[in-house]
Amino acid sequence: MSLLSGKKSKLPSEYAKPFKPQLTSLVDVMTVLTIFLIQSFSAEGIVHTVANDLKVPESVSRDDVPNVLAVEVTGDKIILADKLLPQADVATSDTMLIKPLYAALLGYKQSGSKKLLIQADRAVEFARVKKIMYSAGKAGFNDYRIMVMRHD
Amino acid sequence: MSSLLERRRAPSHQSEIEDVCDVDVTPVMNVLVILFPFLLSLAVFTHFSIIKFSLPPNVGASLDQSNGSPKLKLTVVSAPTFTAITLGSSMLDSIPAGKDEYSRLSSALEKHRATAEFKDQVIVAVRDKTDMQRVVSVMDRCRGAGFSDVALSSAPEASEGPK
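For the protein sequence lines, the chains are A and B, in the order given.
Oh and the first sequence: position 85 is 85 in the working numbering, straight run, nothing missing.
Oh and the second sequence: position 95 is 95 in the working numbering, straight run, nothing missing.
Don't read these hints as lab results, they were simulated from the structure.
Computed from a predicted structure; not experimentally measured.
The C-beta atom is built at its ideal place from N, Cα and C for all residues, glycine as well.
Please note that the accuracy of each hint is not assured.
Derived PhoX-like pairs (lysine-lysine); straight-line CA-CA distance at most 20 Å [claimed, not checked]:
no.	chain 1	residue 1	chain 2	residue 2
1	A	131	A	114
2	B	129	A	77
3	A	99	A	83
4	A	99	A	109
5	A	114	A	138
6	A	55	A	77
7	A	55	A	20
8	A	131	B	71
9	A	55	A	99
10	B	52	A	131
11	A	130	B	119
12	A	99	A	77
13	A	115	A	83
14	B	119	A	115
15	A	114	A	130
16	A	131	A	115
17	A	114	A	99
18	B	119	B	52
19	A	55	A	138
20	A	130	B	52
21	A	55	A	83
22	B	129	A	55
23	A	114	B	71
24	B	119	B	71
25	A	55	B	52
26	A	131	A	83
27	A	20	A	77
The following label-pair restraints were derived from C-beta to C-beta distances [said to hold, decoys possible]:
no.	chain 1	residue 1	chain 2	residue 2	range
28	A	52	B	55	28 to 34 Å
29	A	52	B	100	17 to 23 Å
30	B	81	A	36	39 to 45 Å
31	A	24	B	81	54 to 60 Å
32	A	66	B	117	54 to 60 Å
33	A	39	B	146	26 to 32 Å
34	B	71	A	115	28 to 34 Å
35	B	71	A	38	47 to 53 Å
36	A	113	B	71	41 to 47 Å
37	B	40	A	21	19 to 25 Å
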């Protein structure tokens, strides 16, 4: 009420000073967060993403991921360069050649690169990856790499 | 020296102490507020990497017949229930899947590498039912033991496991 009436406040002088928020703790938090973000800073220029339902194996490898043609292999899907391939019975078929993958890879052969990045789920059986490698080999891709998640 | 210290007058009021210790952090905050979104946009929270491998024919078909006799390369057989180290048809080591499997594999690989003909090449032969995490773990141990050239091949299902 005293403020409205324009009367001089009776508060002590320390309360009459302009309000100064304490920024020290905020600066501390921001500094810690900035250090964390600098550590996870990527200057590679290439951001690699994988599908949500794909968990690549963990490894201690530190080799950088090259920007090459990638095939994603999960339990029920095969995705080549972000395109889902039709597949009938890859898991149960006795034949090694996956025809849709083979046909799709032939389309990428003109680029000249023979490198293929295999992004296989950690739970996928080797038999499935073996068929991918066989089909890729038939299409002329014979330089393979497995994508892994860095683990310290 | 002590007289200098003594001459310093202790602040008598609380407000005077605040005036002495007050640091202006506003510029620091400005810098951090600009830096924070920039770093957040470029941050990578999951680091991916690759494992490069070759197929056994690229390693030299495991055989070097320059002296008239074939030289065999060390082979690590990976199966869901065990890992074995073989040289040709002879089983050098077999490690059942378990808690300390990979540490035992590392020490066994280092031991056999010392006597191996090809000290930088190893073949990882994998059985069909083995999951990829297991394959990658075995390849990691091979690289860790000093084998720089790791070849990946398929292991026949009929071969014997550890007894």
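Would you mind confirming whether the straight-line C-alpha gap from residue 131 of chain A to residue 115 of chain A stays at or under 20 Å? holds (16 Å)
Holds or violated: residue 55 of chain A to residue 52 of chain B, with C-alpha atoms at most 20 Å apart: Judged against 20 Å, a Cα distance of about 19 Å means the pair holds.
Is residue 99 of chain A within 20 Å of residue 109 of chain A, Cα to Cα? Holds, at about 15 Å.
Between residue 115 of chain A and residue 83 of chain A, does the CA-CA distance stay at or below 20 Å? holds (18 Å)
For a C-alpha distance cap of 20 Å, please report whether residue 129 of chain B and residue 55 of chain A respect it. Measuring from Cα to Cα gives roughly 18 Å; hence the hint holds.
Range hint compliance [Cβ, residue 71 of chain B to residue 38 of chain A, 47 to 53 Å]: holds (50 Å)
Given the hinted pair residue 55 of chain A and residue 20 of chain A, is their Cα-Cα distance within 20 Å? Violated: residue 55 of chain A and residue 20 of chain A sit about 49 Å apart, past 20 Å.
Within 20 Å, alpha carbon to alpha carbon, are residue 130 of chain A and residue 52 of chain B? holds (15 Å)
Indicate whether the distance between the beta carbons of residue 71 of chain B and residue 115 of chain A respects the range 28 to 34 Å. holds (30 Å)
Pair hint residue 130 of chain A and residue 119 of chain B, alpha-carbon separation not exceeding 20 Å: violated (26 Å)
Given the proposed pairing of residue 114 of chain A with residue 99 of chain A, does the C-alpha separation stay at or below 20 Å? holds (18 Å)
Cβ-Cβ distance between residue 81 of chain B and residue 36 of chain A: within 39 to 45 Å? holds (41 Å)
Of the numbered hints listed earlier, those contradicted by the structure are 7, 8, 9, 11, 14, 19, 23, 27, 29, 32 and 36.
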